[in-house]
Each structure stands twice: as structure tokens, then as C-alpha cells.
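*Asks:* Top line first, the protein sequences correspond to chains W and Y.
Going by the working numbering, the first residue of the first sequence is number 2, and it counts up by one from there.
Going by the working numbering, the first residue of the second sequence is number 74, and it counts up by one from there.
Covered by chain Y, according to a simulated footprint, are these stretches of chain W (three or more residues, beta-carbon under 8 angstroms): (1) 121-131; (2) 177-188.
Computed Cβ-Cβ distance ranges for the label pairs, DEER-style: (3) Y:Ile156 <-> W:Ser250: 51 to 59 angstroms; (4) Y:Ala149 <-> W:Pro68: 21 to 29 angstroms; (5) Y:His144 <-> W:Gly54: 27 to 35 angstroms; (6) Y:Glu112 <-> W:Leu248: 47 to 55 angstroms; (7) Y:Ala211 <-> W:Gly40: 33 to 41 angstroms; (8) W:Gly41 <-> Y:Ala211: 31 to 39 angstroms; (9) Y:Asp162 <-> W:Ser3: 50 to 58 angstroms.
Calculated directly from the structure, the hints in this document are not laboratory data.
Quick caveat, the model's predicted, so the values are computed rather than measured.
Ideal placement from N, C-alpha and C gives every residue a C-beta, glycine not left out.
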Amino acid sequence: MSIVTDDYGLVKDNEHLVVFVPGSKKALPFRVLARHNRGGEILNYGSIPITSGESWGSYDGGTTTAPADNVIPNRAYTMTNSSKLFTPPGDMSNTYSSTDMFYIPADDFRNRIFHIYMDLTPHFIRCGIQIPRGQNQLRYQNNRVILGVDKTSGWQWGGLELVQFPEINMGYMFGNDTNVDWYNSVVFRYGEYIIGIPGDAETIFDLLNKNRPAHWLELPIASYDSTIRAGFNKTYADGRDFDGFKLYSKEDKAYALNEYAAEISKLSPEVVISKPSNTNVSRQRMVR
Amino acid sequence: MAPPRINQSELITFRGTTNGADVAETFSLYSTLMYGTDEYIRIPKGMKLKIHSIRVMGSNTDTLVSVKYTHDITAAIPTYVDIDYELQDNAVDIRISEEKKKPIILPGLTGDEAVAFDWLQTDASTAYLIVEVELTPA
Numbered sequence: 002m003s004i005v006t007d008d009y010g011l012v013k014d015n016e017h018l019v020v021f022v023p024g025s026k027k028a029l030p031f032r033v034l035a036r037h038n039r040g041g042e043i044l045n046y047g048s049i050p051i052t053s054g055e056s057w058g059s060y061d062g063g064t065t066t067a068p069a070d071n072v073i074p075n076r077a078y079t080m081t082n083s084s085k086l087f088t089p090p091g092d093m094s095n096t097y098s099s100t101d102m103f104y105i106p107a108d109d110f111r112n113r114i115f116h117i118y119m120d121l122t123p124h125f126i127r128c129g130i131q132i133p134r135g136q137n138q139l140r141y142q143n144n145r146v147i148l149g150v151d152k153t154s155g156w157q158w159g160g161l162e163l164v165q166f167p168e169i170n171m172g173y174m175f176g177n178d179t180n181v182d183w184y185n186s187v188v189f190r191y192g193e194y195i196i197g198i199p200g201d202a203e204t205i206f207d208l209l210n211k212n213r214p215a216h217w218l219e220l221p222i223a224s225y226d227s228t229i230r231a232g233f234n235k236t237y238a239d240g241r242d243f244d245g246f247k248l249y250s251k252e253d254k255a256y257a258l259n260e261y262a263a264e265i266s267k268l269s270p271e272v273v274i275s276k277p278s279n280t281n282v283s284r285q286r287m288v289r
Numbered sequence: 074m075a076p077p078r079i080n081q082s083e084l085i086t087f088r089g090t091t092n093g094a095d096v097a098e099t100f101s102l103y104s105t106l107m108y109g110t111d112e113y114i115r116i117p118k119g120m121k122l123k124i125h126s127i128r129v130m131g132s133n134t135d136t137l138v139s140v141k142y143t144h145d146i147t148a149a150i151p152t153y154v155d156i157d158y159e160l161q162d163n164a165v166d167i168r169i170s171e172e173k174k175k176p177i178i179l180p181g182l183t184g185d186e187a188v189a190f191d192w193l194q195t196d197a198s199t200a201y202l203i204v205e206v207e208l209t210p211a
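Okay, chain Y solo, but in the shape it has when bound (with noise of 0.2 angstroms):
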């Protein structure tokens, strides 16, 4: 076991923002801990990724995010499966989900599992997505 005093827990924020062009996609993702973006995060083995909160504002149409995991990442064309939604009403300006609720856990069993964001509009527009994670031994 690891000596207590070392912190292995970590609490990122990744960000993304709907490309206005296409009503349906994967964000891309960035956070201030990533070099460029990428389109899905693979979670390490042994390691469980919580979703702490997802935040979706910005848009001036319904924004349904859904959170995406599959077992696989490295098959040719992975099988996601739909793990949540949130939908961003456009009738208010901000929705934040998960907050002061259960965290959404996604556990790394082979190295293999990773996690992705679509966004779903009824017309594109411009919108952000906020994702409070936290990676953490499982």
C-alpha cells in the first residue's frame, strides 16, 4: 500500500465547446493540465473516474450532453454506451447537474475504459460544457 502522505487523488476540470456548425458531435476536450485536446479520456487502470458536476450554458437552443464510456477504446470503432444526460433548457441560461449529489463513477478495469461527451441540439449553436472530474484509485 502507498504511504498515506502521498496524494493520489486528482480534480480536473475539462472544457468544451459545441462547434456551432454540427447538431450532433463530440466535444473536444481541454483542460489547463492538457497539452492540445482530445476527444475522450482514457481512465488508468485500477484508477475510478467521478464526475463531480457537468455544467452546460451558452447555447440559444436545447442542449442535450450525454455522458458516454466504453470498455474498449482501442477496438476499431468503440461501443460507447449513454452512462447520463444533461440537458441545458435554453430557456434558462445555465444548468448544473450533479452538484451535491452522488458523483458518477466510472471505474478503469483494464486501462482500456475511457469516457466522451456528445452534445445533441436542435439547432447548432454555440455551447460550453464544464465537467468537474476526479480521478482516484479505485
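Chain W extracted, bound-state conformation (with noise of 0.2 angstroms):
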């Protein structure tokens, strides 16, 4: 177990998760102020929401239909247009959205994101994660072969490790290459994060190239889809161009605290953590 997540694989409150995005080579570093469901990290969903008779993609060619209403048809995944969302559960109804519990505004939430670890009984059903909804990420030599649930690769079985960020759908794929039709449920592991990004360039400059400990997430974005950069600029910078810190070596320290300050200026003041001032510093010194 990592020094900065706990038994649930959720960063534990004042460390740092950072989440790279490979599509654009920039890193997003949060500390983690709080955990806003401490004592409720688990969420029985129950089965993938599907419905009798709709159409899935088949191994064999062409489509087939699901057999009943919650169970996985054989030989079949989720097609690219008719990615899955997970809708709130009727007890929960009172989300954002009425068909993605996960999905939060930037202007509301922009402090906040969800740390997920879907979990999918049986594990040996394939799972995707399409970053926007409708986007199939994972490629083969740059783009010349787009991946997913329907391909050799490009999935995991039984279950995924996602961030979901303000202002971005995502959308869950799903492929049973068995010859049987399966019921099935959803555990979801989260954490409702508050968070902030630290508004010191060292700090960013030690986390990016790992002096400080952090969880790190790596989101299977490729394609570097317009909507993810208006996300992040939304969220963290007000509309500004801000979509992350580029990552640098040790020997370009120097440069890297230049333009990581320079980024910094660009946050959300609702979202960067700035340091004490050195007033305050003063004050404290005097009072001791």
C-alpha cells in the first residue's frame, strides 16, 4: 500500500493525487484537503444500467440485443455510440444530473473531484472508459488503430481507476467475450475530494518529478479531445488557458519554476492553495 492512499486506494487527506493526462503531456497535482464521504466510500450500485432488448455490438458480427433487463448479453460490447452512464440510484436521485450521478459543474464544484475505483462482478467482463463520452481514448501506433472493449486491447478486465473532473462526461464500455449471458453488479469505491493545487512552483516542481510522495493516476486520454481542454480551463482558470503542468527533468528546474509560476498565476483563486505570506510567517515568529 502507497504511503499516501489508504485500504480503500483512496488518498488519505493533506497528500497529493496527480493525474496525468498522456494526450497533452501535462500533469494535474491536487491536494487533498478532505475526503467529503469519509465513512461512506462504498457505493453498491447494483448492475450496469441496461434495458431488455437493446443492441450491443457482437463478437461474432453484427449486433445482438440484451436478453433481459440488468444482464450482459454474450458475445457482445457496448458500441461505441451507446456508451453506458451510470444514472443516480433512485435513492440518490437528487444529483446534478439525471443520467450521469457522477458528472459535476465546474461553477459549483470546481474544488471538489471524484476518485473512483469501479469494481464489476463477474471480473473477467471487459472494461472501458471513453474520455469525453462518445471518445474511445486508447490507440494503437499514434492513431492509426482505435482501441476498446471490441478489440484485442484497450480494456480491463473486472474494473477501472478514474478521476471525473467538473464539466466532462465519461462514458463506460463494457465486452463479454463468453458464450453466456451474465447478471452483474457494481461496487464503486470514491472519494469526494475538496481539493486545491498547491500555488508553490517547488512544490508542483517536486511532486511532477516525484521528491514528494503522491498518488499517481494515469487517465487513458490519447486523443486530446477539445472538450477536456475547455473542461480544465473552465474549472481551474476561469475560462484562461490553463490545462495542466508540463513535466520536466531535474536539470531544467530552473525553467520549469518560470513557467509552472507562471501557470500558477492562471488558477482559479477558488482552487490554488497559495502559501502563507511572509507576513504572516513574521507575525507568527514574533508571537513565539
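Fit chain to chain and form the complex, with the hints in mind.
*Replies:* Okay, structure coming up:
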């Protein structure tokens, strides 16, 4: 177990989470100020929302249909244009979106993210993600081959680890290459983190160079969709052009610190964690 | 590699019953996770199916259960090979095999492999099969 995560795999309070986006080659470092759902990290969702008769792609060609509500059809996968969203459970219906229980708007929630582990039984079902919804992200040889649950690669068995950012819808993909129709169950382990982005360039450099411990998560974003960039701009920089911090080697530290300082200046005051001012430090020293 | 915190193995108990009319047939399998029944289980590509135990019980006659494995379930007539046998002697109430032994491992090499279970009885009689399997990344 990492020193920054707990038994749930969630980041402890006052520790850091770094989300790396391969498509932009930038990282977003967050400090977890608090976990809003402390003590309620498990959400037994139930079945993937499946309606009897709905169409799935078939590994044997063409399409097939779900044989019953909540049953994954055999030899079938969710098609690119019909990825799944998790509608809120009936007793949690007052969410921002009636179709996506994890969606949050930037205006109210720019200082929050969801860190999610989706665990799907049976665990041999293929799981994939579209970020944003409709956009298959895993690729082979740059963009020559678009991967996904319908392909030999581009998915994981049994679940996913994700971060849900404000303003971005994610689509969930599933594939069942067995000959059996399966009942299924989804359990989410999640943290609704109240977060801030460090406002100190040195701290960011140390995090991105792994001089400070942090939980790293590389999101499967190979194709940097404009909606992702727009979502980051709106959420973290009040519309200014900020979508993360580039990675630099230790030899380029001076250059990196200058660039990070410029990026930090774009951040919304609602998300940036400012360094205590010198005045305050002096005052504290005087009090002592 | 997948994050270590995502469980990728599944234990499933399959059940089957002889039909009481035929002395030799293939079990129709069902489990609490399955919708409906199937006569074989296709092994996901890149996974292996481990048979941890086979139990045969409830027959008034000897029941031989054979584990059949095919490399190509998509063939018009799949070619099966027998991997293992389990005999319930009707002189005893229940026969449990493979417990505390190494499991039978059947690989899913291409995604076309499948496993099925046949029975063979001296006289047709009702017998019950319980198979504990685990599907896990190879």
C-alpha cells in the first residue's frame, strides 16, 4: 500500500494526487484537503444499466440484444455511440445530472473531484472508458488503430480506476467475450475529494519529479479532445488557458519553476492553495 | 498492467443435473450469475479457467463425469478432448474430487476454447453436478 493512500486505495487527507494526461503530456497535481464522503466510501450500485432488447455489438459480427434487464448479453460489447452512464440510484436522485451520477458542474464544484474505483462482477468482463463520452481513447501506433472493448486491447478486466473532473462526461464500455449471458454487479469505491492545486512552483516541481510522495493516476486520454481542454480551462482557470503542468527533468528546474509560476497565476483563486505570506510567517515568529 | 486494486479473478459455482432419461449426455450448466443455461463455457481470451472441485451426488447408479475441453468451439462440430474424469460410485452418497489438490487449468489461448461436462451412467438416473471454477488472468 502506498503511504499516501488508504485501504480503499483512496488518497489520504493532506496528501497529493497527480493526474497525468498523456494526450497533453501535462499533469494536474491536487492536494486532498478533505474527503467529503469519509465513512461512506462504498457505493453498491447494482447492475450496469441495461434494458432488455437494447442493442450491443457482437464479437461474432453485427449486433445482438440484451436478453433481459440488467443482463450483459453473451459475445457482446457496448458500441462506441452507446457507452453507458451510471444513472443515480433511485434514492440518490437529486444529483446534478439525472443521467450521470458522477457529473459535477465547474461553477459549484471546481474544488472537488471524484476518485473512483469501479469494481464489476463478474471480473472477466472487459471494462473501458470514453473521455469524454463518445471518444474511445486508447490507441495503437498513434491514431492508426482505435482500441476498445471490441478489440484485442484497450480495456481492463473487472474494473477501472478513474478521476471524474467537473464538466466532463465519461462513457463506460463493457465487453463479454464468453458465450454466457451474465447478471452483474457494480461496486464503486470512491472519494469525493475537496481539493486544491498547490500554489507554489517548487511544490509542483517536486511532485511532478516524484521528489514528494503522491498517488499518480494516468488517465487513458490519448486523443486530447477539445472538450477536455475546455473543461480544465473553465474549471481551474476561470476560462483562461490552463490545462495542467508540463513535466520537466531535474536539469530544467529553473525553467520549469518560471513556467509553473506563470501557470499558477492563471489558476482560479477558488482552487489554488496559496503559500502563507511572509507577513504572516513573521507575525507567527514574533508571537513565539 | 492493470492497477493492483482491481480484482480480476472470479469464482463461480456451476451446477448441472442429469435428465434421468439418457445414460450419456452433456450437462446443461447454470449458476447464480448466469441468465439461463449453457452447455459449455467459453474461456475469455487471455484468461485461464481453473477447476477447483467437482462434486457428483444423488444418483441411484454409478455416474461418470468427464471434463471436456475444445480449442475451437466455433467449429461446426467441435473436437473435444477429455481432460479429467470423476466417478460417483453409487455405494457412496457423494464424491468430491480435486479438493486440496492442484486445480485443473484450462487456458483461453485464442478465445475459442471452451469447457463442458458430460455424464455417463450405467442406467439413467438423476444425479447432480457441482463444479467450482475460477476465471483468472493467465
